[in-house]
Amino acid sequence: MRKTLGLLLFSVLLNIQVSAQTFTLEQLKGFNKLTMNEFKKEMKQLKFKFYDRTEGLGFLLTEYEALDYTSKIGKFEYAEEKSEDRIEFEFKTKKENDQYLKLILADGYKQTEKGKIITKESYVDYYKDKEQIRLILPKSGENSPYTIIVFK
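Position in the sequence shown (from 1) plus 191 gives the number in my numbering.
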C-alpha cells in the first residue's frame with residue numbers, strides 16, 4: 192500500500208502540466224508504445240489537427256499541431272531500426288523547456304552529452320537506464336521552437 196501511494200504521488204508530480212497543450216513525460220513515453228494508427232486516434236481525441244506526413248528512407252513521420260498553433264507533435268517509425276522510433280514535441284517557450292528539464296532530472300535522468308544537431312541547434316541528452324530524452328534549444332535570436340525528443 193505504501194509503495195502504491197508513493198508511486199501515485201510520484202506520478203502526480205510527473206503529470207504537472209505547464210499549459211493545456213503540453214504533454215507529461217509519461218504521455219510522451221506512452222506515445223512511443225502506440226502503433227501509428229493508435230497514435231493518430233489519440234491525437235484526434237486530444238483535439239490536435241493533422242499537420243504533415245513524411246516518408247523518408249526507411250522511416251515514416253506523422254505530425255499533428257495544437258489548435259492554437261503553440262505546439263506540434265510528431266511520431267517517427269523506422270522500418271528496420273525500431274530503436275530509432277521516437278516522439279518529438281515542439282513548443283514555444285523557455286518556461287516549458289525549464290519545466291521539462293526539472294521533470295527529467297526529478298525522474299532520475301542524468302545529463303550525458305551535449306552537441307549540435309545537423310541544423311546547428313544545441314542539444315543535451317539525458318539517460319536513465321536505457322531510456323533517452325533529448326532537449327533541443329532554438330538558435331540564439333531565432334523564433335524556432337524548443338523540442339523534446341523521447342526515444343523508444
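Incorrect hints may appear among the rest.
Said to hold, decoys possible - Result set (DSSO-like, lysine-lysine): computed pairs, CA atoms no more than 27 angstroms apart in a straight line:
no., residue 1, residue 2
1, Lys-238, Lys-305
2, Lys-224, Lys-293
3, Lys-301, Lys-238
4, Lys-273, Lys-286
5, Lys-286, Lys-330
6, Lys-224, Lys-283
7, Lys-285, Lys-311
8, Lys-319, Lys-263
9, Lys-301, Lys-232
10, Lys-330, Lys-224
11, Lys-285, Lys-263
12, Lys-343, Lys-321
13, Lys-238, Lys-220
14, Lys-238, Lys-224
15, Lys-301, Lys-283
What the hints assert, rightly or not - Computed beta-carbon distance windows for the label pairs:
no., residue 1, residue 2, range
16, Glu-271, Ile-308, 13 to 23 angstroms
17, Leu-258, Asn-334, 19 to 29 angstroms
18, Glu-271, Lys-330, 24 to 34 angstroms
19, Tyr-314, Lys-286, 12 to 22 angstroms
No lab work stands behind these hints: they were computed from the structure. Computed from a predicted model, the values in this text were never measured in an experiment. For glycine and all other residues, C-beta sits at the position ideal for the given N, C-alpha and C.
Right, here's what the structure says about each hint:
The suggested pairing of Lys-238 with Lys-305 is violated, with an alpha-carbon distance near 34 angstroms, which exceeds 27 angstroms. The straight-line distance between the Cα atoms of Lys-224 and Lys-293 is roughly 24 angstroms, inside the 27 angstroms bound, and the hint therefore holds. Note on Lys-301 and Lys-238: the hinted pairing is violated, with a Cα-Cα distance of about 33 angstroms set against a maximum of 27 angstroms. Between Lys-273 and Lys-286 the CA atoms are separated by roughly 32 angstroms; this puts the pair beyond 27 angstroms, and the hint is violated.
The straight-line distance between the Cα atoms of Lys-286 and Lys-330 is roughly 16 angstroms, inside the 27 angstroms bound, and the hint therefore holds. Between Lys-224 and Lys-283, the direct Cα distance comes to roughly 26 angstroms. Compliance with the 27 angstroms bound is thereby established for this hinted pair. Between Lys-285 and Lys-311 the alpha-carbon distance is near 18 angstroms, which keeps this suggested pair within the 27 angstroms criterion. Of the pairs offered as hints, the one joining Lys-319 and Lys-263 holds, with about 25 angstroms between alpha carbons and a cut-off of 27 angstroms not exceeded.
The suggested pairing of Lys-301 with Lys-232 is violated, with an alpha-carbon distance near 33 angstroms, which exceeds 27 angstroms. Between Lys-330 and Lys-224, the direct Cα distance comes to roughly 31 angstroms. Violation of the 27 angstroms bound is thereby established for this hinted pair. About 16 angstroms separates the Cα atoms of Lys-285 and Lys-263, which keeps this hinted pair within 27 angstroms; it holds. With a CA separation close to 9 angstroms, the supplied pair Lys-343 and Lys-321 stays within the 27 angstroms bound.
In summary, the hint linking Lys-238 to Lys-220 is supported, as the alpha carbons are separated by about 19 angstroms, within the 27 angstroms threshold. Taking the CA atoms of Lys-238 and Lys-224, the gap is about 20 angstroms. The hint holds against a cut of 27 angstroms. Of the supplied pair hints, the one linking Lys-301 and Lys-283 holds, its CA atoms being roughly 24 angstroms apart against a limit of 27 angstroms. Between Glu-271 and Ile-308, the C-beta spacing of about 22 angstroms keeps the proposed range 13 to 23 angstroms intact.
Between Leu-258 and Asn-334 the Cβ separation comes to about 20 angstroms, which falls inside the hinted range of 19 to 29 angstroms. At roughly 32 angstroms, the beta carbons of Glu-271 and Lys-330 sit within the given window of 24 to 34 angstroms. A hinted range of 12 to 22 angstroms for the beta carbons of Tyr-314 and Lys-286 is consistent with their spacing of about 19 angstroms.
Of the numbered hints listed earlier, those contradicted by the structure are 1, 3, 4, 9, 10.
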